[in-house]
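Engineer: The primary structure of each chain is shown beneath.
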Amino acid sequence: MSADIALAPPPAGAPERRPTLADVVRSEWTKFHTMRSTRFVVVAVVVAMVGLGAVISAGTARGFVRLTPEEQAAFDPTLVSLRAYFPVQWLFGVLGVLVMTVEYSTGMIRSTLAAVPRRGRLLAAKALVYGVVAAVLGQAVAFGAFLVGQPMLAGQGAPTAALGDPGVTRAVCGAGLYLAAIGLLGLALGTLVRATVGAFAILVALPLLPTVLPLLPGGIGDAVAEYWPTVAGERVMFVVDTDGGLPPWPGMAVLLGFVALVYVAAYTALRVRDA
Amino acid sequence: MIETTHLTKRYGPTTAVDDLTFEVRPGLVTGFLGPNGAGKSTTMRLILGLDAPTSGSARVGGRRYTDLPAPMRHVGALLDARAVYGGRTAYQHLLCLARSNGIPRSRVSEVLGLAGLEAAADRQVGGFSLGMSQRLGIAAALLGDPAVLMFDEPVNGLDPEGIVWIRSLIRDLAAEGRTVLVSSHLMSEMALTADHLIIIGRGRLIADTGVDAFLRAHTEQSVLVRTERGAELAALLVEAGASVRTGTEGALVVSGMDSAAVGLVAAGRSIPLIELTPQRTSLEEAFMSLTRDSAEFSSARTEELV
Numbered sequence: 002m003s004a005d006i007a008l009a010p011p012p013a014g015a016p017e018r019r020p021t022l023a024d025v026v027r028s029e030w031t032k033f034h035t036m037r038s039t040r041f042v043v044v045a046v047v048v049a050m051v052g053l054g055a056v057i058s059a060g061t062a063r064g065f066v067r068l069t070p071e072e073q074a075a076f077d078p079t080l081v082s083l084r085a086y087f088p089v090q091w092l093f094g095v096l097g098v099l100v101m102t103v104e105y106s107t108g109m110i111r112s113t114l115a116a117v118p119r120r121g122r123l124l125a126a127k128a129l130v131y132g133v134v135a136a137v138l139g140q141a142v143a144f145g146a147f148l149v150g151q152p153m154l155a156g157q158g159a160p161t162a163a164l165g166d167p168g169v170t171r172a173v174c175g176a177g178l179y180l181a182a183i184g185l186l187g188l189a190l191g192t193l194v195r196a197t198v199g200a201f202a203i204l205v206a207l208p209l210l211p212t213v214l215p216l217l218p219g220g221i222g223d224a225v226a227e228y229w230p231t232v233a234g235e236r237v238m239f240v241v242d243t244d245g246g247l248p249p250w251p252g253m254a255v256l257l258g259f260v261a262l263v264y265v266a267a268y269t270a271l272r273v274r275d276a
Numbered sequence: 345m346i347e348t349t350h351l352t353k354r355y356g357p358t359t360a361v362d363d364l365t366f367e368v369r370p371g372l373v374t375g376f377l378g379p380n381g382a383g384k385s386t387t388m389r390l391i392l393g394l395d396a397p398t399s400g401s402a403r404v405g406g407r408r409y410t411d412l413p414a415p416m417r418h419v420g421a422l423l424d425a426r427a428v429y430g431g432r433t434a435y436q437h438l439l440c441l442a443r444s445n446g447i448p449r450s451r452v453s454e455v456l457g458l459a460g461l462e463a464a465a466d467r468q469v470g471g472f473s474l475g476m477s478q479r480l481g482i483a484a485a486l487l488g489d490p491a492v493l494m495f496d497e498p499v500n501g502l503d504p505e506g507i508v509w510i511r512s513l514i515r516d517l518a519a520e521g522r523t524v525l526v527s528s529h530l531m532s533e534m535a536l537t538a539d540h541l542i543i544i545g546r547g548r549l550i551a552d553t554g555v556d557a558f559l560r561a562h563t564e565q566s567v568l569v570r571t572e573r574g575a576e577l578a579a580l581l582v583e584a585g586a587s588v589r590t591g592t593e594g595a596l597v598v599s600g601m602d603s604a605a606v607g608l609v610a611a612g613r614s615i616p617l618i619e620l621t622p623q624r625t626s627l628e629e630a631f632m633s634l635t636r637d638s639a640e641f642s643s644a645r646t647e648e649l650v
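Residue numbers (this note's numbering), protein chains in the order written: chain P, 2 to 276; chain F, 345 to 650.
Hint data in this document are derived by calculation from the structure and do not stem from the laboratory.
In this text, a Cβ means the ideal position worked out from N, Cα and C, and glycines have one as well.
Warning: the hint list may mix true and false statements.
Said to hold, decoys possible - Rough simulated footprint, nothing fancy, chain F against chain P, three-plus residues with beta-carbon under 8 Å:
{"id": "1", "stretch": "18-28"}
{"id": "2", "stretch": "111-118"}
{"id": "3", "stretch": "145-157"}
{"id": "4", "stretch": "238-251"}
If we strip away everything but chain P, and leave its shape as in the complex, we get:
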């Protein structure tokens, strides 16, 4: 094989165009949609959020007649139809984790960082690509779950909500936003931990821990629980507010602030560590 045909204009090289963030975003988008897990996780997200959401709505509605009057007054049809967000957040998270950890598990990270030595730019490109995908997917499945869930509730004679009702659109959009935030959190954790299993373990534990927090002595547990990132972030999905806690948007701000902090840590780690 002759090597000198395609290499013809030698060391002078091809005309050099300074690559931009857009080039790195394009590269990361190519990586993202050619990852095996992507399609699988997206399908799982749709099935779980909409399908499992419909099952939860129907089941909860069937029990409505047996509830006490106070419980019936506190019934939140919007929140019920979005309940599947709880397991679905792990799917958003794990895909975010994988976006970074497959680079490390395969060793591809060395080619990647040799191509893009500006590590902050690399992290920004990955976060942009996955952030946009997670935001769009989050909104799509949140609205899907709501629109499929409400007829399920109506079918069992339980109260329902409409997008025009006060706070309902905010709650549905908020659910999508919450899922996207957890997805981006997964990417930051993956960058920080570098191993898929370790990063995912933290991600699974994060929304589960608040359930044991009230066991802490004194009021500490309750106080911590109120500001726990996932608990605070979930507040945006409540239309009928019964159990106090932070208002919707301040709660979301706490979650987003936490995600931002993890990104600062992830960026610092990526900058200083050897690849």
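With chain P's structure known, arrange chain F on it following the hints.
Structural biologist: Positioned in the frame of chain P, the structure of chain F alone reads:
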């Protein structure tokens, strides 16, 4: 042009690269030699800015690698051919890399052709043989048509056809005026492809020399002679200007005289010879004796061979 200046990398108590200063010049194939664990790969990672040096620096074309705006257009590197995401096709893998440096799609097809992978372009790289993976890694290194190339053990796992291909490719790249650094733990491989050698052991520079100079300095011609009248012949050979030492099983190892001359000396006194064999210290032996003290793991078996 690659330059390292007092390049040092420590991992905890281990010094992987120890005060390395060398230059890799354009237009030549420079062999980067050392036993396994000598610090070759670490040095390459330091040059690529993947690891940060503990002290000292590495520069490519006068700049630190991390300061290069479009690094793939300056430096192409093959580190670990297996370090790819197996679920992507060869084309997709190269496209991911090309896009990050603003390299057009057309160049992806070009380098696939150059590496002889056109037919495998749409196959998932997870199913590639090691030889095909090496070709893919070389295709990736060539994407930006860079003036500087670094290949870490490129012939590993290649079939004979692949080895011939990579040797001629490496020679061609240097002939075009590019800077080519090729690491290997095999001296014989480097003797075939390299013009210049940088030899390291335990992270330290052992030799920075031309291949020809190295061969002249480190390979010695000798003649193995076996006869029943060894002592008598030895005395005659020494008298004739050769130096003689005793080899295994009473054989004589004669240096400073070729086999024809040894034969003539023996015939002059009618000394019957049982064996007369010209010998050349192999490159591997020269290399091993040079790096023996600095080899991280030198087994008893290696000692015996030397």
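Engineer: Take the hints in turn and mark each one as holding or not.
Structural biologist: Verification of the hints:
no.: 1; hint: 18-28; result: holds (count 8)
no.: 2; hint: 111-118; result: holds (count 8)
no.: 3; hint: 145-157; result: violated (count 0)
no.: 4; hint: 238-251; result: violated (count 0)
Hints 3 and 4 from the earlier list are contradicted by this structure; the remaining hints agree with it.
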